[in-house]
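Chains A and B, in that order, are what the protein sequence lines are.
When the letters of the first sequence are read in order and numbered with my numbering, they come out as residues 2 to 364.
When the letters of the second sequence are read in order and numbered with my numbering, they come out as residues 12 to 181.
Hints are computed from structural coordinates only; laboratory data are not their basis.
Only a predicted model underlies this, so the values are computations on that prediction, with no experimental measurement involved.
Quick reminder that beta carbons are idealized off the backbone N, C-alpha and C, glycines included.
A couple of the hints might just be wrong.
To spell it out: a stretch of chain B is covered by chain A in this simulated footprint if at least three of its residues, at any positions, have a beta carbon under 8 Å from a beta carbon of chain A; those stretches are [stated by the list, open to error]: (1) 41-47; (2) 117-125; (3) 156-170.
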Amino acid sequence: MTERWLHELRKLRQIEPPEGLWEQAASLTANQAARPLSPPSTQSRRMWSAIAAAIAVALIAAAVIAIRSDSGTEQQPSAWPGGVYTDARFGWTIRIPAGLHVHHITGAFRWSLDGVRIASFTPNLSHRTGGEPEMGWLRRFPASGVAAQIWYLGSPGPAPTRSASFPLRISTFHRVRPYVGGAEPAPHYRSFAADGYGFTAAVWAGPDASQAGKRAIWNVIRSLRFPRLRQGTIFNNSVYVLGPATNYPNGSVTIFRATSLPLIRYPRFTRGFYLVHGSRGLYVIDRLFISPNRSPKVTCTVAFDRVASRFYCPGSKLRWNLTGRELVPHPGPRYGWDLSPRTAVVSTDGHVLVSPTFGGFGS
Amino acid sequence: MDRADADQAQLKAEPAENLERLFRDLAPDLWRAVFAFAAGRPAVADDAVAEAFARALERPDGIRDPAAWLYRTAFRIAAAELRRERTEPRPWASPSQSATLGPGLGALLPALRQLSQAQRAAVVLHYEADLPVKDVARLMGTSVAAVKVHLFRGRRRLRELLGAEEADDD
Numbered sequence: 002m003t004e005r006w007l008h009e010l011r012k013l014r015q016i017e018p019p020e021g022l023w024e025q026a027a028s029l030t031a032n033q034a035a036r037p038l039s040p041p042s043t044q045s046r047r048m049w050s051a052i053a054a055a056i057a058v059a060l061i062a063a064a065v066i067a068i069r070s071d072s073g074t075e076q077q078p079s080a081w082p083g084g085v086y087t088d089a090r091f092g093w094t095i096r097i098p099a100g101l102h103v104h105h106i107t108g109a110f111r112w113s114l115d116g117v118r119i120a121s122f123t124p125n126l127s128h129r130t131g132g133e134p135e136m137g138w139l140r141r142f143p144a145s146g147v148a149a150q151i152w153y154l155g156s157p158g159p160a161p162t163r164s165a166s167f168p169l170r171i172s173t174f175h176r177v178r179p180y181v182g183g184a185e186p187a188p189h190y191r192s193f194a195a196d197g198y199g200f201t202a203a204v205w206a207g208p209d210a211s212q213a214g215k216r217a218i219w220n221v222i223r224s225l226r227f228p229r230l231r232q233g234t235i236f237n238n239s240v241y242v243l244g245p246a247t248n249y250p251n252g253s254v255t256i257f258r259a260t261s262l263p264l265i266r267y268p269r270f271t272r273g274f275y276l277v278h279g280s281r282g283l284y285v286i287d288r289l290f291i292s293p294n295r296s297p298k299v300t301c302t303v304a305f306d307r308v309a310s311r312f313y314c315p316g317s318k319l320r321w322n323l324t325g326r327e328l329v330p331h332p333g334p335r336y337g338w339d340l341s342p343r344t345a346v347v348s349t350d351g352h353v354l355v356s357p358t359f360g361g362f363g364s
Numbered sequence: 012m013d014r015a016d017a018d019q020a021q022l023k024a025e026p027a028e029n030l031e032r033l034f035r036d037l038a039p040d041l042w043r044a045v046f047a048f049a050a051g052r053p054a055v056a057d058d059a060v061a062e063a064f065a066r067a068l069e070r071p072d073g074i075r076d077p078a079a080w081l082y083r084t085a086f087r088i089a090a091a092e093l094r095r096e097r098t099e100p101r102p103w104a105s106p107s108q109s110a111t112l113g114p115g116l117g118a119l120l121p122a123l124r125q126l127s128q129a130q131r132a133a134v135v136l137h138y139e140a141d142l143p144v145k146d147v148a149r150l151m152g153t154s155v156a157a158v159k160v161h162l163f164r165g166r167r168r169l170r171e172l173l174g175a176e177e178a179d180d181d
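Please take these sequences and the hints and turn them into a complete structure.
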């Protein structure tokens, strides 16, 4: 017999890490991925300890300041006059009836978390749990209250390629445990993808909530729509909006030169790429290839041989197939000689979206 | 020759192959520890573990105690990643993801999120990775006394959130 919390903690032992981590490690070595911190050495342990302590102090101070400043600036939501609410970042809209309390939610940094909270009552925002998004307001949930929340919470890495279909159906939501374990009812919850980003929606209804109240809050969720995008623009500061997916038929390889693309400022990105519509979907191959640094250095602008249907590095023997796999294994280090395909996404309105933040396919 | 020296000697002999072997032995536990430290963000655990081994691959002959080095490095990378997520975030595992990651984690992961980073690190390394307090202190770059404080507060918070009553071991 062990205490409940320890029993719960040890349930972690039942999960397994994903496959392909070793390959990921090896490819990181070859590709010289960004190193946020220098590796430690035994000789510098003391220095690292001091730095770690200083960082910890700074972090705690920053967290305290962030929490204080956040609580200080957080406004009590006001009663909504009724009409369409538009999310400033992603452009999605919901229709909210008059009288509900509406509040735009953000994280410590505005673009880390983005969403909206809608409630039939004035949420008590002084209760804080420190989570993202902050769910402390659920601790005091009126028995007759209804509420909903829609939010985005970061999704670098492989972008979700399939957008959900709208309107979101109630039957696709499921009941989950309460977030804060207070008086709040268990939420109806679902995650969904749209335009290359992952979102979450949750709906709460108190035990004494009226049918009209429940209907109103679900209608808000049902009204969720994503915007029409315009070809040739940048969406959400980091996503190229290409043409409609039907412009790039199965088997096509379309070149996008850096000079023809608008500059993405975050993260700064000016590389051209090939958009490939392969048998398993759309993906992107960067036009810039840089070999692993421990080998004879090769940097080239990748060209495409339409006759042989393969990529190649002009002036070298490097050849890759359509998915970027090296056709003739290079002598020397095994890793880093393949091209790295990245996900391309089809938006809710059918445009192809490409972004350096969408990430690769993994291993 | 102690275990660390033996590991180092092996790494020097056939660095990549032996590190791959070490990966097979160590990576599952390390990944779980970082996953718990990141309070249920599998992407952070994936990246931290992969990155730690990538760094080890690049400098196999410079590591005296590879296992400790990998733990230390992976936790540092994860901590840096969590800091960076203040500006460039990744999602927490959602309740639905938690459910698919393993049974019962839907309660544990939100509870871990209520702990400070230091409390999470101490609790996870001591109770999940089964490391002695002394080793936890070494990995965290802090004192044994500080780790004990983190453990005390972390335990107390987890008891509040998950319950202190006894549960059957299964």
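Now for the hints, and whether the structure bears them out:
1. Coverage of a stretch by a chain is defined here by at least three residues with a beta carbon nearer than 8 Å to that chain's beta carbons; for the stretch 41-47 of chain B and chain A the count is 4, and the condition holds.
2. With 7 residues bearing a CB less than 8 Å from a CB of chain A, the stretch 117-125 of chain B meets the requirement of three and the coverage assertion stands.
3. With a cut-off of 8 Å between beta carbons, the stretch 156-170 of chain B has 3 residues touching chain A; three or more are needed, and the interface restraint holds.
Hint compliance for this structure: every hint is met.
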